Structures are given as C-alpha cells and as structure tokens.
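Based on these hints, arrange chain B on the given structure of chain A.
Chains A and B, in that order, give the protein sequences. Residue 106 in full-length UniProt numbering sits at position 106 of the first sequence, with consecutive numbering throughout. Residue 106 in full-length UniProt numbering sits at position 106 of the second sequence, with consecutive numbering throughout.
It is worth saying that the hints were derived from the structure and are not from the lab. Accuracy of the hints is not assured; some may be wrong.
Which copy is meant is left open, because identical chains are indistinguishable; a pair holds if it fits in one copy or across any two.
Calculated pairs, SDA-like style, for lysine to any residue (alpha carbon to alpha carbon, straight line, at most 20 Å) [to be verified]:
1) K2 with D231
2) K2 with D210
3) K2 with H225
4) K2 with T204
5) K2 with T196
This structure is a prediction, so every number in the text was calculated from the model and none was measured.
2 protein chains.
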Amino acid sequence: MKKLINAPEAVLADALKGIEAAHADLRVDHAGRVIYRATPKDQGTVALVSGGGSGHEPLHGGFVGFGMLDAACAGEVFTSPTPDQMQAATKEVDRGAGVLHIVKNYTGDVMNFEMAAELAAMEASVDVKTIVVNDDVAVQDSLYTAGRRGVGLTVLLEKIVGAAAEQGRSLDDLVALSEKVNGEGRSMGMALTSCTVPAAGKPTFDLPDDQMEIGVGIHGEPGRHRVPLADAHHIAEQLVEPILADLDFGSSPTIVMLNGMGGTPLIELYLMYGEVAAILQKHGVTIARNLVGNYITSLDMAGCSVTVLRADDELLSLWDAPVETAGLRWGR
Amino acid sequence: MKKLINAPEAVLADALKGIEAAHADLRVDHAGRVIYRATPKDQGTVALVSGGGSGHEPLHGGFVGFGMLDAACAGEVFTSPTPDQMQAATKEVDRGAGVLHIVKNYTGDVMNFEMAAELAAMEASVDVKTIVVNDDVAVQDSLYTAGRRGVGLTVLLEKIVGAAAEQGRSLDDLVALSEKVNGEGRSMGMALTSCTVPAAGKPTFDLPDDQMEIGVGIHGEPGRHRVPLADAHHIAEQLVEPILADLDFGSSPTIVMLNGMGGTPLIELYLMYGEVAAILQKHGVTIARNLVGNYITSLDMAGCSVTVLRADDELLSLWDAPVETAGLRWGR
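Isolated chain A, as found in the complex:
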C-alpha cells in the first residue's frame, strides 16, 4: 500500500490537523472529531449538520462554511461517526431555530444520526429534523444500505439547502426543500480500479485490467454489473441512461455534476463531462449549471459518477447564492 500517511490508525487525526492548519475559517474539535465554522451563524437561524465516514473528501468537512454546513462529523475511513459526535455537534450549532441532519443513506449513518437526534431533543431540547439522501439509481439494496445509497446528490443538496438556511428559512421549510431536492436528483457511478482502505492495506475488491464496475458505491460496494472496459462515450452512456430511465427530466433545466472518485485526473473528468453533456443534450435535457471535479470521493479509486438534478428557478437561485467553503466557493 502506497499512501501519504503516517500510520493507518492515525489517518483521520492527522488529516484533521492539516484541515485546521489550512483553513482559518474552520474550527476543529480534535477529540470529538467535528469540523465547525470558526464563526457560528446568527441566533435564530437553522443549522445544518452532516457527516459520515472519512475518505470522501472534500465531503463533508470541505463543505462547512457560509452557505453550506455548520458542522461535519468525521468518522474513521468508511465508518459512520458515532451518535456522541453527532449529538455534540447538534447541540453546539443549534441557534435556537432547530438543526437539520443531512444523512447519506447507509444503515450505520442513519441509525446513529437517529439516535443523536433523539438524545439532542431529550437532553437539550433541540428541534432536530432529518433528510436521508438516496439518489443512487445503481442498485436497490447494497452492502451497507437498505434501499438506495446516498451519493453525489448530497453535495448539491448541502449547497442548495445551505443557501436557504442562510436566508433564515424555518426548519420545516428546509425539510420540504430537502425532500424536493432528493426527489428531483439521481446519480450513477463507475470504477476503473478499487480503492484501498488504509486499515485494510490492500484493494477492497479485485477488478481485472480489462473490466470496470458500473454502478459502484462510494465505498467500493458492488454495482449493477462488471463489464468489459469501454471508451469514454460508452461509459457515459452506461451512467446517463440508467439515470434517465429512472426519472423523466423532460426539458426542464438541470444541474449536472461530473464527479471524480479521487484517483482520476481532471483531464479525464473534463473529457467525461463533454461526453455526458452531449448525451444529455441528445435526450433533450437542458443543462443550466454544472460542476466538474472531485467532490465526493472514494479514497484513491479511479472512476467517476454523474448526478443530474432537475432544478426550477428556486433551486437555481439557491445554487447561485454565495458560498464560502474549502470545497465550493463563489460569489460573495
């Protein structure tokens, strides 16, 4: 295993030191493993908390800041954070208007956030609501999930709902908005290679030189099928078509993300975006906004995913609103 680390068991603690050193506008609770905004938002505003296993950076810590999250709980690599972490973060960021938990649909995350919400309500009277993101059209149930997995749409949801929270909208309003986003977005991913979890020391799965995994999960969970390696155009078709088969986007405006899995260079991500955009346009889908790069990764996995979100004027205007985080930054 070749990695820029000190020791497999120290990866998360050491990475948190680097995040703190790099970003003066973040505050890191090293013992509790939570990343906060250095300057909390105003009293009376709903706060957003997310989190999950590490190894998906910039998700979630890179999306803490003005216009997105208030706190991100970091679990060990590909391991859910604990209810304790989530409860502490929830109590810490509550500004009296309630807290929204943004949870990717993995059984451990869902259970632990549920427990944290109950504890925060009971012990500190925090009003907590939850959105479980489940946008991955690849498989119905999966290795760590009942129902669809939560993947790339989480990035778009954190941006859009984060912008709405800054406007002072109510918790109920943000829940409704989150459900709208979750209902209107779909994703599909693929892998050319496995990732290697530091604690395991070897690739999560074997993938022969002439094959790829279509529909792979962000922890290397099996996808729909393993098929012969294809060119970028045919890979793009295998990602876009299941998305379009699952939801009729009509000719509505959409936000499209072409996301890298961590080990794929940007030149390939742009090349793939060109293919994806052309296929979507051929199907009459209108791309109003896009995002190309590494936003929800799987350690060093080579591969990519496509997310398509149908976005009306409300969603587009929230998307365009200013954001200031390590991972997304524009407009203020």
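Chain B in isolation, oriented as in the chain A frame:
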C-alpha cells in the same frame, strides 16, 4: 491502461470539448487548441498568455479568467504547444499594451514561446515579454530542461501577476513583478507511483512497491534519488528541507502550496499539509496563506509537491485580490 478516454490520440481534443461545455466564461479555439476568456479584458491592459503540454490540469486552461490568464495554449499530453498556437493566442489577446508570456522552464516550451514572441512582434507589432519560471530545487538539469524545471510556483505567479495586470500595470512592471515572484519561490515534489501517458499506454517509469522518487518532475522525470517509502512526516521533511536549504525564508510571511499530482486523494493532501506546515513552523517560517489541492498535476501520478513563496505585503495583497477561474475562485 485504464483511463476515461475515447482514444489516446483524441484525449486533448475531447477534453477541450468538455472544458468548453463546462465553462460558459471560456471560449475554446478547437482547431488552434487555445483556451480564451469569453469576454476579453479592456483595451490598454497587458494580457497574459501561458501554456504547455496537457496532463497538468487545472494548469493552464483552468487558470484562464478574470484575475489570471487571458489565454492558455494546450499542447498534446506532456508535449509543448507549437509556436503557431502561441503566436495566434498572443495576437488575439493583445489589447495594445503588450503581452506577457509565462513559460515553465522546459526546453521545448522556452524555444517555442521565443519563436512565437518574435513572430508576433514582427508580424503584428505586439510588444511581448517573457518570464521563464524555474522554481524546482530538485535537480539542476533534467530530462527536458537546461537549468531548473518550472513547476508549482507557476500557479502562484499566474495568480499574483494576473491580479497586477487587472490593475492596469505596465508590461515592464509585470516583468519585474514576475522576476520577483520567481526569485522568491521554490518547489520540490515526490512520487509514490508513475503516471501513464495515454499514447504510451504504460507507466512512464517503474517504481517498486517499497520505494518512492524524491524530486520527481511533473512529467515523471527522474528526481534526486529513489529511496525507501517513508511515513508522511519523513516525506514532508524530504520536501521541505531542500527548499529551506536553497533559500533562506527567515521569518517573512509566505504563501505555501501543497499540491497533489493527480492520483492522490484529498485526505492525504490535507494530512501532508499538516506535516509540511508543522515543519515550516518549527523552522520559524510564517505561513500567511495556503493552498491545498490539485493545481499542477501529472496525469494520474500519486504524489505531491510543496511550493513556498516569500510574500511581502504587495504579493499578499495581489494574492488576495479577486479571481474567477475554473481552478481558483474567490473574492469578487
């Protein structure tokens, strides 16, 4: 070779299609292989042109836009663009105040930009000046270079000099500023793995599982030495110490970039940044600003580089000035 491409010979053309599809504020000349701002800057303002082999994205095309470059010439992967491309770009962006060529020190790039400058001066009376960036302390001469290679400092120079150009400074003034930045900055890189050039179809060099290349070039050129794999702390020492041995930074403020080579996940880059920052601080170096991520890459190479730039108030204020490009964006 596992890559998200259609064919090795189509990589650049296809990637340019994706860049155009993704960024409405860029204009791509597909035949000429030049990336321009969609909206040219004002008449009477000096324009900045850079370029080089592809495979280093976001450099240089990702740095075209307000506050940085006016045009980027894209060569084939790891191959210099031609004088024709550079001459066309130079004539196209000239707004009557001259054009600065920003060139990384590789023999092909230097020769071709020189020829382009002469042609543009002769045929179109464009006043062209050149800065050759040569910040890599690893080796004196290298596979494609006489003298030191130009690497990570190019990113910082394009940002700083780009900001100064927006202020309306003269060409001579920008040349002096470029020389100042080039004199005050140093870089050093390392690789855990080779990159694979699409046209070659196999890794550029072999690197055993228990070894790493210290001082590697951004095309996989040999570095200072091949040594046993070490932990992140000791890798950081092997990058920072040659930089500090080459230039005495004293306790002046610096801008530090921890750059990923393309195949290294962000969690490892943050971890490395934490180690680099701690070592610099131990040596009394003050970090005033930083950048962590993939900015000048080597296709899918796993590894990283460190750049340290001594930055007085002038350089820091130009660094902080607004920038709106695909690869760097803040503040407006």
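**Report entry** Contradicted hints - numbers only
**Finding:** The structure conflicts with no hint, since it agrees with every one listed earlier.
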